[in-house]
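The whole structure should be built from the sequences, with the hints applied where relevant.
In order, the protein sequence lines correspond to chains H and E.
Residue numbering for the first sequence follows my numbering, starting at 1 and increasing by one per position.
Residue numbering for the second sequence follows my numbering, starting at 1 and increasing by one per position.
Hints may be right or wrong, so weigh each one.
What the hints assert, rightly or not - Think about it this way: if two alpha-carbon atoms lie no more than 20 Å apart in a straight line, the pair counts; the simulated DMTMM-like pairs of lysine to aspartate or glutamate are:
id	chain 1	residue 1	chain 2	residue 2
1	E	230	H	188
2	E	230	H	127
3	E	232	H	2
4	E	8	E	382
5	E	403	E	263
6	E	232	E	253
7	E	224	H	97
8	E	148	H	97
9	E	232	H	7
10	E	230	H	7
11	H	124	E	10
12	E	267	E	219
13	E	231	H	7
14	E	224	H	190
15	E	231	H	2
16	H	113	H	97
17	E	224	H	2
18	E	21	H	188
19	E	21	H	85
Hints are computed from structural coordinates only; laboratory data are not their basis.
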Amino acid sequence: MDIISVEEMNHIYWLGRYTERVYTTILYYFKGRDRMIEDPEFYITYCRDFTIPNCYTSAADFLLKYAFDEENPDSILSNLNRAYDNAIVLRHTLGTETLSYMELALNQLRNAKNSEIELLDLQKVLDYILAFWACTDDYIDSEQIRSVIKAGRHLERLNLYLRLRKSKECMMKPFHMLVARLRKGYLDYDKDALDRLGMNVTSSQIDYWDGVKVSETIIKEKYHCIN
Amino acid sequence: MEKLVLLKDEINQLLARYGVKFGIYKNNEFHEQLFPFDPIPRVIEHEEFKELEKGLIQRVDALNRFLLDIYTEQQIVKDGVIPEEFIFVSPGFLSECQGIVPPQNIFAHIAGIDLVKGKDGIWYVLEDNLRVPSGASYPMIARNLCRKASPNTFRENNVEDNRNYGSMLRTVMDDVNTGGINVVFTPGRYNAAFFEHSYLAEKTGSILAFPNDLEVNGDYLYYKTYNGVKKKVGAIYRRVSDDFLDPMAFREDSLIGIPHLMEVYRKGNVALINSPGNGIADDKGIYYFVPEMIRYYLGEEPILHNAPTYLPFFEKDRRYVLENFENLVIKDVAEAGGYGVVFGNQLSKEEKQQMKEKIHLESRRFIAQEVIDFQDMGILDDQFLVDRKADLRVFVLSGKETKVWKSGLTRFTRNPDSFVVNSSQGGGFKDTWILSQ
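Structure below.
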């Protein structure tokens, strides 16, 4: 076992969650923006799908605030800031080279705010996040740390897919990957909750809202959200 | 070197990519800023550095001897070399450290000595920083990026590699370690030098510890791991100032300290890098006595020069300071970071009078120095080469041996009318090349 404090483990876990949240959100945002070309009011459905408050006054307001508003806790930038906040205290664990991709992603997103090609800029943010994940695999020797980042990622993806009411087929991959990571034993988790979630997502009638709630109870409370 | 100059923007972009920042507080809000880098290095010839190196080792060895003496026998005071008024009333003197002898007798493991080079070609020591001197990480990472940007520059110039600072620091930690893991102890992410804390933890292979990660149990200090196992700590490179280090010994309102740490330290069960109480040796008033200290402890003539300094505490010096006020720089010994420094010729008539009265009333609080006409350095301001004031912070590391890192942090002012080079006041930095032959 590596020498890792509770707080550091929290940061590692939430780093996985927030990077995944930014990644999946941007992918879905691309689809949403595409729909909004023909149907500008689609943003209302988008917010409902993500189960986030529709605090936007119009489609134009959504376009302005959803990606880049630091004051909006649901914005892509806010979520990337939280990923960054968790990463920046882990330089000794992740390595400066790995961390540089988080810096690049954040700088890219901030600079894209007034860009006329913001979706192309957001594509680069995705690229940097993918490079960041690749670096965590390549540069971090500790299997424990890699596993916890991945457990956070898979859980977050599953949680988002449940909110987005994805099909059973979509759910299977992140669920099995989460189980594989948790079984390595590096994180304390609630086995009963995991079983319940497994039965739910593999059933023909997924109870999505129950799935969202249960997914938030799988990881033990000591890994509380510190942002 | 021309290639490096052309690549200034690219190198600065790389520094941004790697998060080379420092934090400042403005209106109680934390802001992170990039540290502007100028690609024209300060170059120090091989022979010149060898002489500097000798002088720096001599100076830091004497300062370490002084600290050992002051916290044990106080022989230098008994022998009348330094008046007691400069010891016991100094805020840097910590009675809590009385009688503590740290591992290897080393108090100042990392000394940041600030130097300037006069137009007469002589290096002058401006300050000794023996508490928590920062800045080594900046030239270390900048060098790495410059080598990446322009490999040929380094093929064509014989420059000592400075990327060994992490291993030098690790050696010091291992030398004084009392048995246990090495940690770099940071007050947290919102500290001005957090980049450096985390970077040095990475480069020394140490654990980066935050305030809640460490606790005293019995006679030892432990790092608490998430699975309940406690790891004994043998050496802490602490980046928390003395005041906040242990609320049971110093400021009781400190939320970032480790309760009872000083008890563990007193028992010799952990090494603190640097030792608490070092502020007595880098007090601006004590600076005046360092050449005497070298003669007293080492029986040698000082190799490095102090800037000509006057202590208003002594009547003769006070008279000189008041008569020559306009030609001197006055420093408040309680201040740091470029604050509390005034140039006599820049004050209004009223301000001068006020300052003179203060010097009369609180003579121990101030020192006065001749304004050294130090060499300007070329920096790139947009596309133009302009001259600016710059100093050099050299790092001297003491473990089983005292060694000088073959590089240093060259800081410059971006303001043409200023002598203050501190990053917190808008300055930038350069790499420092020591030629290997």
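Here's how the hints hold up against the structure:
Under the criterion of a C-alpha separation no larger than 20 Å, the hint pairing residue 230 of chain E with residue 188 of chain H is consistent with the structure, at around 18 Å. Between residue 230 of chain E and residue 127 of chain H the CA atoms are separated by roughly 39 Å; this puts the pair beyond 20 Å, and the hint is violated. Proposed proximity of residue 232 of chain E and residue 2 of chain H is supported: the alpha carbons are some 14 Å apart, at most 20 Å. Between residue 8 of chain E and residue 382 of chain E the CA atoms are separated by roughly 10 Å; this keeps the pair inside 20 Å, and the hint holds.
For the hint linking residue 403 of chain E to residue 263 of chain E, the alpha-carbon distance of about 30 Å lies beyond 20 Å, and the restraint is violated. Between residue 232 of chain E and residue 253 of chain E the alpha-carbon distance is near 26 Å, which puts this suggested pair outside the 20 Å criterion. Note on residue 224 of chain E and residue 97 of chain H: the hinted pairing is violated, with a Cα-Cα distance of about 27 Å set against a maximum of 20 Å. Restraint check for residue 148 of chain E and residue 97 of chain H: satisfied, since their Cα atoms lie roughly 14 Å apart, inside the 20 Å limit.
Pair hint residue 232 of chain E plus residue 7 of chain H holds up; C-alpha atoms about 18 Å apart against a cutoff of 20 Å. In summary, the hint linking residue 230 of chain E to residue 7 of chain H is supported, as the alpha carbons are separated by about 14 Å, within the 20 Å threshold. The hinted pair formed by residue 124 of chain H and residue 10 of chain E meets the criterion: a straight-line CA distance of about 19 Å does not exceed 20 Å. For the proposed pair residue 267 of chain E and residue 219 of chain E, the alpha carbon gap of about 8 Å is at most 20 Å, so the pair holds.
Of the supplied pair hints, the one linking residue 231 of chain E and residue 7 of chain H holds, its CA atoms being roughly 15 Å apart against a limit of 20 Å. A threshold of 20 Å between alpha carbons decides the hint, and for residue 224 of chain E with residue 190 of chain H the separation of about 23 Å lies outside it, so the pair is violated. Between residue 231 of chain E and residue 2 of chain H the alpha-carbon distance is near 11 Å, which keeps this suggested pair within the 20 Å criterion. A C-alpha spacing of about 26 Å is found between residue 113 of chain H and residue 97 of chain H, which places the hinted pair above 20 Å, so the restraint is violated.
Restraint check for residue 224 of chain E and residue 2 of chain H: the C-alpha separation of about 12 Å stays at or below 20 Å, so the hint holds. A distance of roughly 36 Å separates the Cα atoms of residue 21 of chain E and residue 188 of chain H; the hinted pair therefore is violated under the 20 Å criterion. Restraint check for residue 21 of chain E and residue 85 of chain H: satisfied, since their Cα atoms lie roughly 14 Å apart, inside the 20 Å limit.
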